[in-house]
Amino acid sequence: MAEPLHGCRRCGLVCRCAIVRCPRCQTSLTEDIAPSTTACRALLMAAMMLYIPANLLPVTRTHIVGYNMENTLFSGISAFWNNGAPGIAAIIFIASVAIPAMKFVVMIFLLLSTRRGVLQSRRQRTLLYHLLEWTGYWSMLDVVVVVVVSGLVQFHDLASIEPRVGILFFALVVVLTMLAVLSFDPRLIWKTAQ
Amino acid sequence: MKIDTRLITCPVCGHLARYHANQTILCPRCRCVIWRSSLVPYRLLLPLTLTALITLVAACFSPVMSIDAYGMHNAVSLWQTVSDIADKSGMPGLAIGVACLLIALPLIQLLLLVRILLPGRERIPGPQFITAMTILRWIRPWCMTDVALLGFAVSAVKLSDQFTVSAGPGGWALAVTVLICLVLTHQDPRRYWQRFPLSEPGAQNG
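Going line by line, the protein sequences match chains A and B. In this text, residue positions in the first sequence follow my numbering: the first is 5, and each later residue adds one. In this text, residue positions in the second sequence follow my numbering: the first is 25, and each later residue adds one.
If we strip away everything but chain A, and leave its shape as in the complex, we get (with noise of 0.2 Å):
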């Protein structure tokens, strides 16, 4: 047979035509790899910059009767740790401080290593990229945690929790980031294979 065989990397449908687009789901069989990591790049950018006062602000404010605190996100992880729940001190810790920390490494060397072309380890490489997209939703975590906790606790002047503008940096972060790696095509990392 003359026709060329082509497969289509939407649906899946792999046929034996002359045609551009796929038949099933009508996504171009031609389509080229936007070779631009600008966006990515920039997403990334901005979540790192974002991520020092998301640290350094306050994420809430306690009000229980005769006292006043703010808690940032570290002095609530090490009140977890003192008060003898080291597992969701950990857990905590390891959705809001770690994982995006680690992503931005994981990022920067997922682009460093597609500029350059590099070889080595691609299958690595991808599944490095699909763990990034599946953990990056959970840093989310944090945000819900301050949201659930300061509408439940409001009992006027006797108690209150409200939240305070670092958790609104923070969601920015986990947002940027999960947009940065959402932009990055991970078929770059296969370019040079074809």
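Hints in this document: simulated from the structure, not taken from any laboratory. Heads up, a few of these hints could be off.
[Stated by the list, open to error] Listed next, the stretches of chain B that the computed footprint assigns to chain A, with coverage defined by at least 3 CB atoms under 8 Å from CB atoms of chain A: (1) 116-123; (2) 172-184; (3) 210-221.
[Unchecked claim] Here are the computed distance ranges between Cβ atoms for each label pair: (4) A:169 - B:85: 27 to 33 Å; (5) A:53 - B:159: 55 to 61 Å; (6) A:119 - B:196: 48 to 54 Å; (7) B:47 - A:40: 53 to 59 Å; (8) A:60 - B:114: 16 to 22 Å; (9) A:119 - B:96: 56 to 62 Å.
[Unchecked claim] Derived EDC-like pairs: lysine to aspartate or glutamate, alpha-carbon spacing no greater than 16 Å straight-line: (10) B:112 - A:166; (11) B:26 - A:7; (12) B:112 - A:7.
A quick note: this is a predicted structure, and the numbers were derived from the prediction, not measured. Glycine included, each C-beta is placed from N, C-alpha and C at the ideal position.
Put chain B on the given structure of chain A with help from the hints.
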């Protein structure tokens, strides 16, 4: 044009691989999942989606969690959690963002799935179906009902040493939503495309 239903394309590296519907396969070249098999029969997906829609709406409007202290009782539903933030924190952006991630996008995801799963007689996907699949792919990473559930659980632990914490009916509804959404997002989206085999009946495999 000749369709080869025994082959499937790797979404990442474009490698063509042989496949069977009831067997998960990894790409021999890049080790990505090319096809993820599922134990859930196709005809169960629509009822599951509808159930998740109902329970998600229930979690929005009935109390998920409540605390007691100082002789007072505070209960919040998913919706109240978000509207509280908008009211008192002075950060409407945070409220809108959280509302999208926890309520709006999961709802849209389920509604799109209903549209995709509704049986029809078309032989090839219509433009509406293709649009629904495209939006579904975009919003998939932003549906965070499971993060919401874990967030409520962590908050419960956080508050339990100072307050009496109890789960409300909305909490159970949210748990059911999360379980069903896990099953639904585990489905390979290509399963929905394969409703349209595009080849003559009998020529199919698996």
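Outcome of the hint check:
no. : hint                      : verdict
1   : 116-123                   : holds (count 4)
2   : 172-184                   : holds (count 9)
3   : 210-221                   : holds (count 4)
4   : A:169 - B:85: 27 to 33 Å  : 30 Å, holds
5   : A:53 - B:159: 55 to 61 Å  : 31 Å, violated
6   : A:119 - B:196: 48 to 54 Å : 50 Å, holds
7   : B:47 - A:40: 53 to 59 Å   : 37 Å, violated
8   : A:60 - B:114: 16 to 22 Å  : 20 Å, holds
9   : A:119 - B:96: 56 to 62 Å  : 58 Å, holds
10  : B:112 - A:166             : 8 Å, holds
11  : B:26 - A:7                : 9 Å, holds
12  : B:112 - A:7               : 65 Å, violated
Violated hints, listed in ascending order, are 5, 7 and 12; each of the other numbered hints is respected by the structure.
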